[in-house]
Every structure is written in structure tokens, then in C-alpha cells.
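Novice: If you read the sequences in order, they're chains D and U.
Under the numbering used here, the final residue of the first sequence carries the number 311; numbering is consecutive throughout.
Under the numbering used here, the final residue of the second sequence carries the number 1091; numbering is consecutive throughout.
If you are wondering where the hints come from, they were derived from the structure by calculation, not from laboratory data.
Keep in mind that a hint or two might mislead.
[To be verified] Each computed DSS-like pair below joins lysine-lysine, with the alpha-carbon atoms no more than 25 Å apart: (1) D:Lys214 x U:Lys1054; (2) U:Lys1039 x U:Lys1054; (3) D:Lys169 x D:Lys23; (4) D:Lys126 x D:Lys88; (5) D:Lys214 x U:Lys1035; (6) U:Lys1035 x U:Lys1054.
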Amino acid sequence: MASTPRGTNVNLAVNLGGLAMKNPVTVASGTFAAGREYSDFVDVAALGAVTTKGVSLNGWEGNASPRIAETPSGMLNSIGLQNPGVKHLVEHDLAWLRDIGATTIVNVSGHSFDEYVQVLEELEKTDLVDAYEINISCPNVDAGGMTIGTDPASVREVIGMCRKVTGKPMIVKLTPNVTDITAIAEAAVDAGADAVSLINTLLGMAIDAYRRKPQLARAVGGLSGPAVKPVALRMVWEVHNAVNVPLLGMGGISNGIDAVEFMLAGATAVAVGTANFTNPTATVDVINGIIEYCEQCGVRDVNELIGALE
Amino acid sequence: MSQLVNETARIVSNDAVGPRLHLMVLESPLIAQHILPGQFVHMRLPDFESHILRRPFSVYARNASAGTLEILYQEVGTVTRLMPSLENAAVEMIGPVGNTWATDCSHALLVGGGVGAAPLFMLAETLKAAGIPFDVVLGAQTQSALVARERYAGLLGCEPCCATDDGSYGRAGFCTSLVEERLAEGCLADNAPYDYLAVCGPEPLMKIVSKMGADAGVRTQVSMEKRMACGIGACLSCVVDTVNGKRRSCVDGPIFEAEEVVW
Chain D
2 MASTPRGTNV NLAVNLGGLA MKNPVTVASG TFAAGREYSD FVDVAALGAV
52 TTKGVSLNGW EGNASPRIAE TPSGMLNSIG LQNPGVKHLV EHDLAWLRDI
102 GATTIVNVSG HSFDEYVQVL EELEKTDLVD AYEINISCPN VDAGGMTIGT
152 DPASVREVIG MCRKVTGKPM IVKLTPNVTD ITAIAEAAVD AGADAVSLIN
202 TLLGMAIDAY RRKPQLARAV GGLSGPAVKP VALRMVWEVH NAVNVPLLGM
252 GGISNGIDAV EFMLAGATAV AVGTANFTNP TATVDVINGI IEYCEQCGVR
302 DVNELIGALE
Chain U
829 MSQLVNETAR IVSNDAVGPR LHLMVLESPL IAQHILPGQF VHMRLPDFES
879 HILRRPFSVY ARNASAGTLE ILYQEVGTVT RLMPSLENAA VEMIGPVGNT
929 WATDCSHALL VGGGVGAAPL FMLAETLKAA GIPFDVVLGA QTQSALVARE
979 RYAGLLGCEP CCATDDGSYG RAGFCTSLVE ERLAEGCLAD NAPYDYLAVC
1029 GPEPLMKIVS KMGADAGVRT QVSMEKRMAC GIGACLSCVV DTVNGKRRSC
1079 VDGPIFEAEE VVW
């Protein structure tokens, strides 16, 4: 039986830069595919939104194996944005998400500025997307990804190009692997971002001492899970104080209290990522945890929590 | 994909059965009822909170009426070294995950290296129930590590063909020479040539036996295991290189046609 959020009188609906969400919980791109794999466990349509795995114009094969390593209270991944391309996503996954009544955020990736635009143009031909998340922060690809997202001038340019092809809500996903994340967030907002999501994974490494080799085939990968939560909270709080667009907060969220902490730091909505691997009902458990917190603390509307840190 | 469940399972017993080898029996009625040969469970262990990832375990045997599963595991990493301490605990298991061994054959040869003997046992039971003749080759480092031998002997009504690296039981050396002989001589029951080879064990063993199967023109399947995160096909962590691109070992496998695997 797929798990579904329990009933409540608390208002859970939020607006993320023009995207209406029935509750503030989505998933971190890449941890949930397009939702179908999790549909035995959770009512995918009951989530605030489903954020799909990063998609490029044509298929990408991704990186060599091993692609993951467990680390203390976390994990490293180096998947490398393996995906079958935007046409496949539209035909197989976005149509399914529409059919089940889900709210859909499509995570858009590219090797070049032009590729981001081309992916958006393909998606704009459909009416299957509710919002975009522009991924300028993947640490696991050589071109595009994080190389764009660490330089304010590149961010301004690529997000400006994307803004010209879509009027839909556009969320820009930031990398934490920078000296000052607020400068990157400001560049994204200047270029037309409706919202900002953070954090993508922290660049890290794990080594097998006995074999004297890196644990990942690509040597380095992105750290996620509870281990990164304090870093993510700090960055959400910093960006909340720096820009005036809504934030989608993520990084180690495993339960409702984690989610509330991100909202207090300034997030309008949150994404559950690595926790899906540990617990396939984590998304619904987080929604129920938020409800429980609100009921316990007399919060009638989750919007009261946003940036309410004292 | 069949319906997956995340079942809370009580550990009934958890005993050492050989060097670094343990047999865990779990009460897991839903999965026990539905699991098929070759499928696995994705286990979340209690009390190891800094270890956030589940671990996949093949199922050695099940008793559908008693609602129990048996898992044969070897201590190889931090989590499996902690597992023997679990008693009377409850674990969460996602299952039954993955595809199944083929059974549309007339004469089968099953080759299990080390704990690779475990995921083949339910296949052996299925072949026996269907009246399909099959033989079994098992390899291990030493006699005390041949922990599945007696159970296979009970099913077969005779000893499986065994090899140990140190020569303490059966043929001395790797079990590959036994596979070569069996393929040359044919099925022990009637000398008919095998038309199916099912292999599970260390990758080098599976690679060698796959080549033998290909050379003999016998359909060969292998059970692949890669580091896994979600275990249900979403995260693309556990991919296997195949002639058809990178495929997920959790749900596109764990059973692959050997001729499709790029070793």
C-alpha cells in the first residue's frame, strides 16, 4: 500500500516562485527518477512536486562504476547525469506524471549554454511541465554542471538565455562548492530566476586504504545525506538573507523536523533526497512530520515558518 | 515490475556457519510468499545509523508457509562485520527485488563460488520440482566454507561437484576445471548436453565460466551485484556495463545473460 499524507487543518500549500505546491515537499533531483519506481511506496501525486532526474538533449551514458560509496552518515555519488534524453523523458515519464495528477518540476542539464536552451525548447513544446529547475551545479560532469555554477558571469549568461525561452517558474539549483554562495544566488536572481534551490552535493572523496585507490571510479563525487545538513542550513540562511526570491532547501533532510529547520532558515519548500534510499516512504514521512510539528506548536499555516528563525 | 513492499522482519536466528559466514533467518511473510529464484531483498539494518545505505542480500531459501527467509552472508565490509551482533532485532526489507533465473531449460548446470552458492539454491529447488535434470558445481576456499554443500546434496540425492582452493575437500584448486569437465561430459543423469548454465560468485569466476559457456554454445546467465543505493531502479548507482548500455543491476538484473555483459 502506497503511503499518503494524513489529513490536517494546517494549511500546507506554498508558492515557490509561481509554482503552486499542495505542500512544501518535493524530492532532490536524481534520487527519485521520475517517481514511478517509488509509486509502490508513496502516493507520488500527493507530494508538493516531483522533481525529475536531470535531463539533457540527447542521452548521456554517465560515469564508470563504482559510482557510489557510503561515508559516515552520508554517501558520495558520481552517477554523471546518466539519462536517456529529453524526448524519452517527455514520452515516458512526463506523460505518466500528468496522468497520475502529479505536480512536475523538470531538472534541466546541459554540456553547454546552448544545450540548456535546447532542452527547454523541447520541453516548452509540451504542456507537461509545471516548473523548471536549472542544474548548474552537478559536480560529476566535466562540461556544464558545476563549472557554470561557480562563476557569477556564467550563471548570469546561461540563466538569462534560459529566461528568454520560458515564462514558467524557473528555479536555479546552486552548488555549495563556492566561496560565497550569495554572489551566485544574486547572479541567478538578476538573470531572472524565480526561485533558487540549494544545496547540490558537496565535492568529496573516499579512499580504500588497503587497495590504495579511490572508492569511486571518477575519484571524486558529491557528498549527500545527514552529514551535509549543517552546511546546507547555513547556506539556505545566508541566501535567504541575501535575495528576495523563494528558496527550495535541501541537504540531509530525513524527517519533518529537518524540513522545519530548513523552512525556519528561510526555505519556502524543501526537497528530500538521499533519505529516499534509506527509507522509501521518506517523502510522505517528512510531510507527516511537518504536519505533526505544526499541530504541536499551534502553527496554522506552514508559510508562518518561512524565515521565522528568532 | 511486481509490487514491492518494505516489510519489517524479525530476526529469528543469526548463527555462524563457517569462516566469516553466517546464516540469518528472518520472519518476513509477505516477501517469503512472493519471492522468486534469483531475486533479492534490500535490507536496512537497525542501530547502524551512521550507515545510511541499505544492503542487498540474495535469498538462500524461503519457507512460504512459515513465512521465513534465509540469508547466507559473509563478513566483507563494515556493515556485514556488525551484522553477527544482531539478535532478536527487527530489520526493514524492500523486496522482492529484481528479475529471476531462467527455468526454460532441459539440462542445467549451476555453478556457485563462495557465498554465490546461496542465490542458486531456490533455482535448484525449482528445477527439481519441475523434474528438470541439473548438476551443481560449488567452489570455496576451504572445506568449512562449503556451507551449502549438504543442503544441495539433500536436494540432489548425491554430492554436488566440489572444489576447494586448499584441497581440503573435493577437487583441489578453482571449481572452473569441474565446470569444464561437466560441459564436456554432459549431465550426470543422462550424459545429455547442458542447455543452461547459471553462475553466481566472484566476478572473475563468472567471467571465466561465461567464456566456457559461450565456447560450448550453452546459454549462460550470471547474477551481478554492484554497490547499490535505492535498490529499486531510481538512482542509477548499480549499473552494469552491457552490450545494450549501462543497465541497473537491481531491477534490470540481478540476472543477466552472460553474452550481454561487458566484463
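Novice: Can you list which hints this structure breaks, lowest number first?
Specialist: none
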